[in-house]
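If you're matching them up, the sequences are chains A and B in order.
Mapping the first sequence onto my numbering, position 122 (from 1) lands on 122, and the numbers just tick up by one.
Mapping the second sequence onto my numbering, position 43 (from 1) lands on 43, and the numbers just tick up by one.
Calculated from the structure, these hints are not laboratory results.
Incorrect hints may have been included.
[What the hints assert, rightly or not] Quick list of the computed label-pair ranges, beta carbon to beta carbon:
no. : chain 1 : residue 1 : chain 2 : residue 2 : range
1   : A       : Leu274    : B       : Gly354    : 52 to 62 Å
2   : A       : Leu82     : B       : Ser368    : 28 to 38 Å
3   : B       : Arg291    : A       : Pro264    : 22 to 32 Å
4   : B       : Lys310    : A       : Pro264    : 49 to 59 Å
5   : A       : Ser25     : B       : Ser368    : 45 to 55 Å
6   : B       : Met345    : A       : Ser153    : 54 to 64 Å
7   : B       : His307    : A       : Leu34     : 24 to 34 Å
8   : B       : Asp302    : A       : Leu274    : 34 to 44 Å
9   : A       : Ser207    : B       : His307    : 52 to 62 Å
10  : B       : Thr258    : A       : Ser153    : 32 to 42 Å
11  : A       : Leu82     : B       : Glu270    : 43 to 53 Å
12  : A       : Gly155    : B       : Asn330    : 48 to 58 Å
13  : B       : Ala190    : A       : Leu274    : 45 to 55 Å
14  : A       : Leu34     : B       : Lys310    : 23 to 33 Å
Heads up, the beta-carbon is just placed ideally off N, CA and C, and yes, glycines get one too.
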Amino acid sequence: MRREGSPFTGVMTVAFKEAADHMTSARMHLIMLLVLLTAVGAVYAAIGEIRQTTAEDPYLFLKLFTVARAPLPSFSSFMAFLLPLLAIALGFDAVNGEFGKRTMSRILAQPIYRDAVLFGKFIGGMIVIAIALLTLWLLMIGLGILLLGLPPSGGDMARGFAYFAATLVYTGVWLALALAFSTVIRAPATSALAALSAWLIFSVFWSMITPLAAGAIAPVNPLDPMTVLGQVHVQQALARLSPVTLYGEIAQMLLDPASRSVGPVFMSQLEGALIGSPLPTLQSILIIWPQIAGLFAAMVLLFTGAYVVFQRQEIRA
Amino acid sequence: MSNRKLFRGALSACALLACSPALAQATSDTMTTDARPHGFWITTPAPEFKAAPGKQISIPLSVINDTLSPRRASLALDGLPKGWTWTLKHGAMEVEATMVNPDATEALTLDLKAPADAKSGTYALDLKAAYDQGTTDLPLSVTLADLPAANPTLKPELPALRGGAKTDFQYKLTLENPGLEEQLFTLDAAVPAGFEVSFKKGYGSDEITGVPVKAGGTETVTLHVKPNGSVSAGDYPVKVTATAGGKTAEADLGLRITGSPELALNGPQERLSGSAVAGQETSFPFTVVNRGSAPAQAIRMDATPPHDWKVAFDPAQLPALDPGQKETVNVSVTPGAQAIAGDYMLNIRADAPGASQDAKFRVTVNTSTVWGMAGIGVIGTALLVLAMAVLRYGRR
């Protein structure tokens, strides 16, 4: 039977309601408190380090994101590690939670299609994440101006904003993953555990798994040095299956203007190159564009999977 | 009355001259063999001379006292035609009388000036010195004539010099003033446009525009010529003049510049940077300029690119480039296909026999946007999949 009208009627209503719910939930408050504390701590440590070691740098502000002082990691590594947690907290019970509370049938009793529910939940989550990240980003810049005593340059701002956008996409991947788990798995605890395992595997264990897998796929022949390169390429390709790796490469290229490549570089490619000269912002973005596109596509595809599964589910009152 | 007095003075002078041997004999026996006359005289090395009307001439005088006591003599010039002026000087002081110690000589100068309209001819003058025991005199003969004034001369020690376009040429010149008076000579030199000229006195360091030369004296002047640095090779004339009182001394000097080519390489719009895309050819118009003073022959263009890069020149060789001329060379740069983005240094060289120039050209390699389009394609595909899912499963 053919139904009339746009399938997206009411998406924004659901999205704003969802965002409002997240904003007031204790879960969100706790996780944001954690993120804020670590971020402020990392930036404060970075500023102390910059004051001690860096005399002059055309991109001093970007160093706020990358410089670390032991034992704390840098701001960008904190973000890579903790933002998936925020996304999982927002999304792990998005669909199965409604089933658990038996509210799904009530929502669908409204004059909206099922599409609007899942789209609205995803967009609502993204709104909350965007607000949180924007706050964090402005907080960083404010702290930088306050403690470093100088305004960020245009290049700093452009790169910082590109980094902010890439971070939003990266968090979106994790939100889509959590949403997919919450759709596929009926029990919220199980879906939370599944999402957390994916997070742990990609952020902690993936860097240990890839060398093993690469060694098995492309073994090194000691007599042929090119096999070493082949193994490096295989290992890099495997590592890039993880969104954490992609995000790390994006952060490196965007926040360090002097870096030119994320892959292995031959000495012959560096002949005549002026090491340390900053790259134009657009060139940096162009180099890292495949990673950004990959993250964005992964987010869309994960959501599509969740959407297809959700649309085919049977819903009873 | 005065004539009689003069006559008596002359007599007494003769008497003194006559009796002086007897006096000497009386004072010392050792001087008896000395037949030399003793007395009081005025002498001059120039008793007869020529002078030009209207110009002052100076006649040196010696007043000799060869007697036993100091003598005071009042001096007067007789026979002076009307309008003539005279003064006697002892050093810078005007005097009318002089006093000479025994066995001593005083040097005096008689400055004499005939009026400008005085007639030519010979005039007899008599300088008289009246002292307490008599008078001595010095007859002088002045012939007034329009003397042709001698021209000053300027002689270079080495009249022709050779050097590069940046050499400081130094000519030593001797300026002679044969005139009767000290003159201030104004120095000037005519040189080709753009050359710098300065005069110095002798080996001094002060730059001068004129130099005083004493009557009959010489002065050494050094002329410095600095050619315009971009002048082409060849011979250049330098004419030096020294002018004083309407008379000019000239000297013609030769200056030969041996040129050498000097190349300069300029990038597009005078910049030494440009951007290119990895694996794609980009052309930069370079300019080769000959800033030297001689033509450059067979200029070869060359570059030392990084590995895998290609650099081509159009034309690869310039047959000749005259001084001041410029020629455009298109430099086609193809960065290696594997070149990573960023700045690279490219050495571009123009080589000619005797001259070469390096230019460090900074090439910013941009990544090809092909991968950017591929990324958009990936995102587009993902969105297409989502759209198809919505079409297939939407509106439930």
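Cross-check of the supplied hints:
For the pair Leu274/A and Gly354/B, the supplied restraint of 52 to 62 Å is violated, since their beta-carbon distance comes to about 32 Å. Between Leu82/A and Ser368/B the Cβ separation comes to about 36 Å, which falls inside the hinted range of 28 to 38 Å. For Arg291/B paired with Pro264/A, a C-beta distance near 46 Å fails the hint of 22 to 32 Å. A hinted range of 49 to 59 Å is violated for the C-beta pair Lys310/B and Pro264/A, which are about 24 Å apart.
A hinted range of 45 to 55 Å for the beta carbons of Ser25/A and Ser368/B is consistent with their spacing of about 47 Å. Against the hinted window of 54 to 64 Å, the Cβ-Cβ separation of Met345/B and Ser153/A comes to about 25 Å, which falls outside the hint. In this structure, His307/B and Leu34/A break the distance hint of 24 to 34 Å, their C-beta atoms being roughly 50 Å apart. At roughly 21 Å, the beta-carbon separation of Asp302/B and Leu274/A lies outside the given 34 to 44 Å, and the hint is violated.
For Ser207/A paired with His307/B, a C-beta distance near 32 Å fails the hint of 52 to 62 Å. For Thr258/B paired with Ser153/A, a C-beta distance near 54 Å fails the hint of 32 to 42 Å. Roughly 52 Å separates the CB atoms of Leu82/A and Glu270/B, a value that falls within the hinted 43 to 53 Å. For the pair Gly155/A and Asn330/B, the supplied restraint of 48 to 58 Å is violated, since their beta-carbon distance comes to about 33 Å.
About 54 Å separates the C-beta atoms of Ala190/B and Leu274/A, a value consistent with the hinted range of 45 to 55 Å. The hint said 23 to 33 Å for the Cβ distance between Leu34/A and Lys310/B, and at roughly 55 Å that hint is violated.
The earlier numbered hints that this structure contradicts are 1, 3, 4, 6, 7, 8, 9, 10, 12, 14.
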